[in-house]
Structures are given as structure tokens and as C-alpha cells.
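There are 2 protein chains.
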Amino acid sequence: MALIAPDKETQIPDIVIGRLPVYLRALSFMHQQGKRTTSSSELGRRLGISSAQIRKDLSHFGEFGKQGTGYHVQHLIKELRLILKLDNIWPVAVIGAGFLGHALASYNGFEERGFQIRWIFDTDPTQIGKVINGITIQSMNELENTIELKHIKIALLAVPAVHAQSVTDRLVDAGVEGILNYAPINLVVPDHVNIGYSDPVVQLQHMTYYINSDDQF
Amino acid sequence: MALIAPDKETQIPDIVIGRLPVYLRALSFMHQQGKRTTSSSELGRRLGISSAQIRKDLSHFGEFGKQGTGYHVQHLIKELRLILKLDNIWPVAVIGAGFLGHALASYNGFEERGFQIRWIFDTDPTQIGKVINGITIQSMNELENTIELKHIKIALLAVPAVHAQSVTDRLVDAGVEGILNYAPINLVVPDHVNIGYSDPVVQLQHMTYYINSDDQF
DNA sequence: TTAGAATGGTGAAATATTTCACAGGTAGAT
DNA sequence: ATCTACCTGTGAAATATTTCACCATTCTAA
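As they're listed, the protein sequences go chains A and B.
Those letters in the first sequence? Residues 211 to 427, by our numbering.
Those letters in the second sequence? Residues 211 to 427, by our numbering.
Heads up, some of the hints might be wrong.
Identical copies carry no separate label here, and so any pair may be met within one copy or between two of them.
Here are the simulated DMTMM-like cross-link-like pairs (lysine to aspartate or glutamate), alpha carbons at most 25 Å apart as the crow flies [said to hold, decoys possible]: (1) K266 - D224; (2) K288 - D383; (3) K276 - E352; (4) K245 - D401; (5) K288 - D424; (6) K340 - E273.
Treat the hints as calculated values from the structure; they're not laboratory data.
Note that the coordinates shown come from a computational prediction; the quantities given were computed from them, not determined experimentally.
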């Protein structure tokens, strides 16, 4: 009956959301360099994106710039962090303590960007109990208990492809809502669970389409 | 003068190219499972993509299916490999022998999908000469020479963010045309160079937008 | 004070991408 | 033979996304 759609699902496009972390990363870089302000055109130049797109993207969330001046770097960073729910540190679990799991647990770039690796799980009895970067490798037997007890929402999945789906099912059942999957396989999950994929081969295969393989060698 | 555009830049959308490796991965999985044929709807169900999209995507390259029957898995795999130029193995260099470089060099999933890690470079004198998975770590001093001599086209960039751009410039000058960048920074490269990004934090920050951080803890 | 250059926000237009829906075509069961 | 259930490939329609183009505003310098 309403003349205007009552609560029209004014959803912000996912593709827009996906660019925000990239903007945030570039802005943080600028901030580190001591830059106080920037503009959509400068940001766009750095990222290979049109200035109009940046302005349009940001306009979904409010008005953060000033005409003639541009954006205050620190302020925009703060706003983006808020939008992306990065105002608190997200505790993260790594599943799988192979080479990749080790690399992830050893990487110190998470904390300043909103995440902290706090748990590592593995099945291998010879790995369990070892300490990586201050974190003790736990048995997969403790997976569900720990997730539920600690309210773990985010996991990095670094197990062999054959186990990826079954481990995912366990994570989801226990309450995990975001999984970054490093196994080269597509995961099936309920709608409310967010999956990110990181398969280097998929990205390389995308590139090779555009590269001429000169058969000389 | 031609009535019909002579050679109209009938470019296939990049977004389509980007899905082909995912199709290929799923088809290879099916093949491993012993499946001989599949259909766009089955594939779509597995990947969370509409069947129409899969058919439309493939139709850019030819007619690979049969009405009523679907697609012959092995045949479609072969066609996709050809399209993506995966009929030969691409030799790949890893730049940076930290934890991540180690993990990449140690990963044995590249070869069966078209790539082989053949070189690893690092600046650290205590690392140079060490062998990872059969590959000897070389000095960055040899970077340009080796790239030119071996016609290296693809590199995995696993160096600290502060060095990522300068190393990229060196790679590009030496002839590399595809870079998968693991550093959390945007790279500026000439048009003919393909860049892929792999920054776990960017993907996690994308997810957190959709996850409720119940402040209970 | 004014002129000029730079910039953000934003409807409207232009493109790009996805989905629809259907004309064939296939295979298996009866 | 015929019926039924499935398929693909595809033009057309529907959506989604990006770009355009311009007004209002801000800052700097003369």
C-alpha cells in the first residue's frame, strides 16, 4: 500500500564492498608516508581505478570528502575501518600446520589490519604441542570445543584438498562464519557462511590466457 | 568502407576468463572421481553459479557440449587447457625465500596444473645456496640474468611490501609478464604485464563486512 | 575581492554482465 | 515407434556496474 517501497532491500553491491579493503590498504600506505589528504583521482591513479568509481563507491556509505580539498586520509581510514567492522581485532584460527599453515601463523602483518592468529590445529601427533610464533599447535580433536568456547568466527583453511570439505563442515557446524580457503577446491556451505578463495594456480591460469608462450626456449 | 566492422575487437570479457580456471578445477576433480560426463547444471550446482552462465561462458570459445547429454569431462578439460595455454608447463620463479616463499616452493600442486617452480631468489646471504624441494636459492644479483636467459615469464612475488615495487620493476624490465603478488601493496606496472593479488587480509576484511561481531567474548 | 584550478557527490547515460526462455537435439524406457 | 526427461546454445530481456558530466564548494594566489 505504501507509495514508496517500505524498506527496499537497498543492498550495497558486493563488488563495492570488495574494493573497500583495497582502498583502505592504499590509504594506510599513504598515511605511513605522511600524507594528510588525498583525492579520488590520486587514489584512482595509484590503484588503476577511475576517480568516479571511487567517489561512487564511497558515496554508498556517506560523504567523507570535501569539495576542492579531497579526503582527509586518517579520517577516511577510520570510516572504512568502521564500515568493515575492523574497530576490534578479530581472533582467527588456522587449520592445518603444514608449510602454509606455518607461513600464515608466522606472518606478522595481520594484527595492524584487524586480525590476530590465535589458534592452530592439526591432526599430526608429531606437530601437536609445537609452538609457532607463540601459538601452540592443538589437536583437531579440540576443534569444535575451542571454536564454541572462544566464539571463533573466522578460520584460515590450510589443509589438503581431500579434507577441505569435511573440515569446513565441522567449522560451520561449530559456528565459524568466514573461511579463507587455501585448498584448491570449491567448498559448499550454507548461505550465511562467507568463503574466500586463495588458489595461486587459479590466478596463474587466468594470467596465462593473456601471455604468449613463445615456444622458443 | 566495410559494411561490417572489419575486425571488431571482439574481446572476451576478462570476468569470463577468470571463471575458466575454476571450471577447469572442478572438472579435474570430477575426472578424478571417475565421472565421464557432466552438465552445466551439475557444474553450476557445485560452483554456486547458474547453468546459463556456464553455457554462455563456454559459448565464447566454441560448442563443447551435446544436447541432451551434456559435456564429456575429459574433452572439456582438454579444451579449457588449450584456451588457457596450459598445454605446456610454465616455468615459474619465486622471489623471496621467507616462510611464504618456502611454502610456495614446497607445494607440489603446481605441476599437474600447468606450472613448475624452478627458481627461488633471495637477498639473504645465509639463505642463498640452501635447497628447498630440490631448488637452490639463488642470489637476487642473478635475477635479471636468469630471467633473460631462461625466458621466465611468470613470477610469484613473496618479498616484504617495502621491496615489492622495486623488485617488480626489475622483473618487468627483465621480461616477466605475469606476477602473482603476495605483498600487501598495489603494484604499478605497464599495460602488458598481468598482476594477480593475494593478500589474505583484503579477503578477510571483505568478509567481516558481512559477519556480526557479537561483542560478547 | 576575485579569478582560476581542483575536487566531491550524484543523477543520467552508457556499458557490461547475467538471466530468461525456447528452439532444437539426445537418450532411455516402454 | 513414441513418450518423457534432459540437455545445449543463444537471442532477447533484465540487471548490474561503470562512466559521464555538471553543480556546488574549497583553496590559492594575485
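Q.
Please list, smallest to largest, the hint numbers that this structure does not respect.
A. 2, 3, 4, 6
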